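Okay, here's what each chain looks like letter by letter:
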Amino acid sequence: MQLTQDLELFPEYTVTQLLFKDVKNATELRKMAVNGEIKGALINPSMVVDAFQILVATNKAVHLHKIGKMKTRSLYSEIIFNLSPTNNISEAFKRFGVSDSDCAVHIVLVHNKEENLNVDDIISKVDGQQIPVDQVSDLMDAAKIKKLYKVAPQEEKCGSLLDAVVCRMATKDVA
Amino acid sequence: MAQSNSLKACVPAYLKEAQLIKQGAEARVYRATFLGRPVVIKERFTKLYRHPEVDEKLTRRRTTQEVRSILRCRRAGINAPVVYFVDYTTHCIFLEDIVHSVSVRDHIASAQTPQHLQALVEKIGEVLAQMHDEDVIHGDLTTSNMLLVPGAEHQHIHLVLIDFGLSYISALPEDKGVDLYVLEKAFLSTHPKTETLFERLLKSYSASSKKSSAVIKKLDEVRLRGRKRSMVG
Ligand SMILES: Nc1ncnc2c1ncn2[C@@H]1O[C@H](COP(=O)(O)OP(=O)(O)OP(=O)(O)O)[C@@H](O)[C@H]1O
Ligand SMILES: [Mg+2]
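Residue numbers (the working numbering), protein chains in the order written: chain A, 1 to 175; chain B, 1001 to 1233.
Next comes chain A alone, as it looks inside the complex (with noise of 0.2 Å):
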């Protein structure tokens, strides 16, 4: 149901994903997220084309983490931003992070390999459905990513949304 992969370039750090539909408690799950109950980045799904977006902004959020160029003050907020195709960090958490009234959520894990990870208790905390990563594709709002991204339809002869997107992240320092 998870999606667990690893971060090849930082073989210490593996990377978590869940994903939970009818959610009635995102307003709490917010708050633990900021006081650190849990220690994870949720995420809107809408928002999301596949887990693979998700592993892009991961890997560059720990790639800054470690050389000390982070944008944002933890390596969970910086997820979030790295998932913006703006620098404007309040408008990254209004877009991509969860707000009160999402009745989905996507959770980002980053733990060290070695470290026990307790899944369990994350999903406990959780008022709604886990269902499978991958599809996370059914929850993505199309339209409002394209608009946000500025994806004009004939980019789309080039290549999927999803190469569209994660282009547009991993660039946007010097676009």
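Please keep in mind that the hints were generated in silico from the structure rather than gathered at the bench.
Note that the structure is a prediction, hence the values are computed from the model and not measured.
The C-beta atom is built at its ideal place from N, Cα and C for all residues, glycine as well.
Any given hint might turn out to be false.
[Unchecked claim] Listed below are several chain A residues computed to face chain B (Cβ distance under 8 Å; list not exhaustive):
no., residue
1, Leu-55
2, Cys-158
3, Asp-163
[Unchecked claim] Keeping only pairs whose Cα atoms sit at most 30 Å apart, straight-line, the calculated DSBU-like set for lysine-lysine is:
no., chain 1, residue 1, chain 2, residue 2
4, B, Lys-1185, B, Lys-1228
5, A, Lys-71, A, Lys-147
6, A, Lys-144, A, Lys-94
7, B, Lys-1210, A, Lys-150
8, B, Lys-1022, A, Lys-66
9, A, Lys-172, B, Lys-1218
10, B, Lys-1203, B, Lys-1228
11, A, Lys-21, A, Lys-31
12, A, Lys-31, A, Lys-71
13, A, Lys-157, B, Lys-1203
14, B, Lys-1211, A, Lys-157
15, B, Lys-1123, A, Lys-146
16, B, Lys-1218, B, Lys-1203
17, A, Lys-150, B, Lys-1211
18, B, Lys-1016, A, Lys-66
19, A, Lys-71, A, Lys-150
20, A, Lys-157, B, Lys-1210
21, B, Lys-1210, A, Lys-66
22, B, Lys-1123, B, Lys-1218
23, B, Lys-1047, A, Lys-66
24, A, Lys-172, B, Lys-1057
25, B, Lys-1228, A, Lys-69
26, A, Lys-150, B, Lys-1123
27, A, Lys-157, A, Lys-31
28, A, Lys-69, B, Lys-1057
29, A, Lys-69, A, Lys-150
30, B, Lys-1228, A, Lys-172
31, B, Lys-1016, A, Lys-113
32, A, Lys-147, A, Lys-69
33, A, Lys-146, A, Lys-69
34, A, Lys-31, A, Lys-125
35, B, Lys-1047, A, Lys-69
36, B, Lys-1057, A, Lys-71
37, A, Lys-146, B, Lys-1210
38, A, Lys-39, A, Lys-21
39, B, Lys-1123, A, Lys-157
40, A, Lys-24, A, Lys-146
Add chain B with the ligands to chain A, keeping to what the hints say.
Frame of chain A; chain B with the ligands shown alone:
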């Protein structure tokens, strides 16, 4: 300026395990897996004979130009590899691996007759016209910097442009003309007796771009200058 080695250590350790596919004068190109996907990594390295600060700036600029132009092309629907990650501390670009591709250079070299190549050069002319209409000047147009993805039907040629490290943005017909001149030189010297084929490429370029007549005029001027220079020199 100086980054400590521990900070930079991740990428070099990773590249040690990667497969080196090309060692160039300014860059090394590798194949590896990144976030579970096949990728090509282009690493620009320091030139010891250049002043460190000048070198750092130049290398960074090349990396920046490359990713900017790739994005600009893709936005316009022109095929170029997707950028997955850029590390500005080690000057590495992680690109989508265009799997099973062959360079246009190798394809032309292995083709039986030039007739087989007409559709291909027409496609090249069309794509370059599109690129120039976006004001992207490639800066290093050669048949090695174009990849061909096989499997596609004859009518649909899948051409991918790569190696944008010397690219820049310009609307000047002169810059576009020089871009084509560089290609012409490279094309005719790597592929002997292809003058007619290259003419066909230019014809397709002209037919595909609204702004082509000024560019071709400049190309003619640049050719003339080149000839005069070689007569003197
Ligand atoms: N995205 C890619 N997918 C598949 N193969 C690639 C890709 N990028 C590069 N290659 C292969 O690697 C070779 C070298 O790449 P590239 O042309 O970008 O580097 P280079 O010529 O060394 O660069 P420079 O001219 O800046 O020194 C290409 O000719 C091609 O065969
Ligand atoms: Mg090259």
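Evaluation of the provided hints:
1. Leu-55: 4 Å, holds
2. Cys-158: 5 Å, holds
3. Asp-163: At about 5 Å, which falls below the 8 Å cut-off, the nearest Cβ of chain B leaves the hint on A/Asp-163 intact, so it holds.
4. B/Lys-1185 with B/Lys-1228: Satisfied, since the Cα-Cα distance of roughly 15 Å is no more than 30 Å.
5. A/Lys-71 with A/Lys-147: Distance ~24 Å between A/Lys-71 and A/Lys-147 Cα, so the pair holds.
6. A/Lys-144 with A/Lys-94: 13 Å, holds
7. B/Lys-1210 with A/Lys-150: 26 Å, holds
8. B/Lys-1022 with A/Lys-66: Holds, at about 29 Å.
9. A/Lys-172 with B/Lys-1218: 35 Å, violated
10. B/Lys-1203 with B/Lys-1228: 25 Å, holds
11. A/Lys-21 with A/Lys-31: 18 Å, holds
12. A/Lys-31 with A/Lys-71: 22 Å, holds
13. A/Lys-157 with B/Lys-1203: With a Cα-Cα distance of about 24 Å, the restraint between A/Lys-157 and B/Lys-1203 holds, given a limit of 30 Å.
14. B/Lys-1211 with A/Lys-157: 23 Å, holds
15. B/Lys-1123 with A/Lys-146: Holds, at about 29 Å.
16. B/Lys-1218 with B/Lys-1203: 15 Å, holds
17. A/Lys-150 with B/Lys-1211: 26 Å, holds
18. B/Lys-1016 with A/Lys-66: 20 Å, holds
19. A/Lys-71 with A/Lys-150: 23 Å, holds
20. A/Lys-157 with B/Lys-1210: 21 Å, holds
21. B/Lys-1210 with A/Lys-66: 49 Å, violated
22. B/Lys-1123 with B/Lys-1218: OK: B/Lys-1123 and B/Lys-1218 at ~22 Å, within 30 Å.
23. B/Lys-1047 with A/Lys-66: Status holds; Cα separation ~26 Å.
24. A/Lys-172 with B/Lys-1057: Answer holds: A/Lys-172 to B/Lys-1057 is near 19 Å, not above 30 Å.
25. B/Lys-1228 with A/Lys-69: Violated: B/Lys-1228 and A/Lys-69 sit about 53 Å apart, past 30 Å.
26. A/Lys-150 with B/Lys-1123: Holds: A/Lys-150 and B/Lys-1123 sit about 27 Å apart, inside 30 Å.
27. A/Lys-157 with A/Lys-31: With a Cα-Cα distance of about 42 Å, the restraint between A/Lys-157 and A/Lys-31 is violated, given a limit of 30 Å.
28. A/Lys-69 with B/Lys-1057: 19 Å, holds
29. A/Lys-69 with A/Lys-150: This hinted pair holds, its Cα atoms lying about 27 Å apart.
30. B/Lys-1228 with A/Lys-172: Not OK: B/Lys-1228 and A/Lys-172 at ~45 Å, beyond 30 Å, violated.
31. B/Lys-1016 with A/Lys-113: 21 Å, holds
32. A/Lys-147 with A/Lys-69: 29 Å, holds
33. A/Lys-146 with A/Lys-69: 29 Å, holds
34. A/Lys-31 with A/Lys-125: Answer holds: A/Lys-31 to A/Lys-125 is near 12 Å, not above 30 Å.
35. B/Lys-1047 with A/Lys-69: Within the cut-off at roughly 26 Å; holds.
36. B/Lys-1057 with A/Lys-71: Within the cut-off at roughly 22 Å; holds.
37. A/Lys-146 with B/Lys-1210: Within the cut-off at roughly 29 Å; holds.
38. A/Lys-39 with A/Lys-21: 20 Å, holds
39. B/Lys-1123 with A/Lys-157: 15 Å, holds
40. A/Lys-24 with A/Lys-146: 28 Å, holds
Checked against the numbered hints listed earlier, the structure breaks hints 9, 21, 25, 27 and 30; every other hint is satisfied.
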